[in-house]
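Got two chains here, separate frames each, mind docking them using the hints?
Next come the chains, spelled out residue by residue.
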Amino acid sequence: MFALSDQPIDAAALRTRLEHPTAGAVCVFEGVVRDHNEGRAVSALRYEAYAELALREGARLVDEARARWPLLAVACVHRTGDLALGDLAVWVGVAAAHRAAAFEACRFLIDETKVRVPIWKHEAYADGGAPSRWLHP
Amino acid sequence: MRVRVRYFASLRDAAGRDEEQVEAGAGLAALYAALAERHCFTLPRERLRVAVNGEFTAWDAPLAAGDEVVFIPPVSGG
Chain A
81 MFALSDQPID AAALRTRLEH PTAGAVCVFE GVVRDHNEGR AVSALRYEAY AELALREGAR
141 LVDEARARWP LLAVACVHRT GDLALGDLAV WVGVAAAHRA AAFEACRFLI DETKVRVPIW
201 KHEAYADGGA PSRWLHP
Chain B
3 MRVRVRYFAS LRDAAGRDEE QVEAGAGLAA LYAALAERHC FTLPRERLRV AVNGEFTAWD
63 APLAAGDEVV FIPPVSGG
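Residue numbers (our numbering), protein chains in the order written: chain A, 81 to 217; chain B, 3 to 80.
Incorrect hints may have been included.
[Unchecked claim] Simulated restraints on C-beta separations:
1) A:92 <-> B:27: 52 to 60 angstroms
2) B:62 <-> A:148: 38 to 46 angstroms
3) B:61 <-> A:85: 28 to 36 angstroms
4) B:27 <-> A:120: 31 to 39 angstroms
5) A:208 <-> B:67: 46 to 54 angstroms
6) B:48 <-> A:120: 23 to 31 angstroms
7) A:208 <-> B:39: 28 to 36 angstroms
Derived from the structure by calculation, the hints contain no laboratory data. Where is the CB? At the ideal position from N, CA and C, for every residue including glycine.
If we strip away everything but chain B, and leave its shape as in the complex, we get (with noise of 0.2 angstroms):
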């Protein structure tokens, strides 16, 4: 199943990218990882939150082929 990654702030300059489509077949939490292994994201899952399809969702979420993933590190607005 595939899915597209929208990376944001220091996740897309690891990533070299803003977006990519990605295997998430074993839901959100191994997809981070792998992602993590892949771009040398350096910031622990545990401090991150994830969206999907433009909303905050639990990391054990269930996913589907087409979906929208945005992971969300600590913000810094204001």
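Looking at chain A on its own, in the form it has when it is part of the complex (with noise of 0.2 angstroms):
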């Protein structure tokens, strides 16, 4: 699954999707909202998310990985609005028989969710001068 949230990502909750009773591996990615960017102090974060096209490129994603590697369980959240520093931002986790497929599908989903998704990060910054902006790398 892909999805969309606008609340805190529970982890635990998440976790608990990936128990099966074949899996040998579970892989997971956790990004969180760090103190800098870029040399700026950030102070505040904010994910926009055209979520029609989000969820939909999304599943792709996952469909990709399971055509890729052979997973018994794929999760993957992503929040949008107002964040802290510190909360997470995403959460990838994938449980596979294997530690190497485990860990290379958990890559390429959150690798390819930060190019292909069609989800915006605008960061606030610590210091006065700086204005906020939309990040377009």
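The following block contains the structure:
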């Protein structure tokens, strides 16, 4: 599954989705709001999504991962709305029989999410002079 | 032919609105050029993708009246 959430991500609840009797490996990536970016002190962060297409593209990523690796369970959730430092911005978890598939699929899912899913980050900075901005890398 | 354009991220800030109805008889590329001039968008079209009715599409794809168009600036999730 690929989901968007405007509420805090409950990592423990998501982890239970990966339980599977034949899973020998679970790999989780947690993306966290850090206090700096490109040398500037970040004070707050907001994510916005084009939800219809983000969910559709996210579901395609999950399908692609399942086609490339023998996965037993997949869960991806990305936050929208206002986030504070330390909050989870994105959570990706996969379960597989063996660790190689789990690591590779987890890496694929977060990397592709960052470049393909229509979600945008808006950063505000702690130093008063720097205007807040949308990031369009 | 009128279409509905929805704006996200920096394009919404620059346009000052979430969406608008616009004339789009000349296709998607011409539509972005016209809106970029009207709203002072600074992102060149080459850096954007475009979606029609909730799905990525090609810049030369045909449009129909009432379509929903979204110009997608470079994404920054994760």
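Results of checking the hints against the structure:
1. The hint said 52 to 60 angstroms for the Cβ distance between residue 92 of chain A and residue 27 of chain B, and at roughly 54 angstroms that hint holds.
2. At about 31 angstroms, the CB distance of residue 62 of chain B to residue 148 of chain A disagrees with the hint of 38 to 46 angstroms.
3. One distance hint, 28 to 36 angstroms for the beta-carbon pair residue 61 of chain B and residue 85 of chain A, holds here, with the actual separation near 32 angstroms.
4. At about 44 angstroms, the beta-carbon gap between residue 27 of chain B and residue 120 of chain A misses the expected band of 31 to 39 angstroms.
5. Distance hint check: the CB atoms of residue 208 of chain A and residue 67 of chain B are about 48 angstroms apart, consistent with the given range 46 to 54 angstroms.
6. Distance hint check for residue 48 of chain B and residue 120 of chain A: the Cβ-Cβ separation is about 27 angstroms, which falls inside the suggested range of 23 to 31 angstroms.
7. Range check, residue 208 of chain A to residue 39 of chain B: Cβ separation about 33 angstroms, and the 28 to 36 angstroms hint holds.
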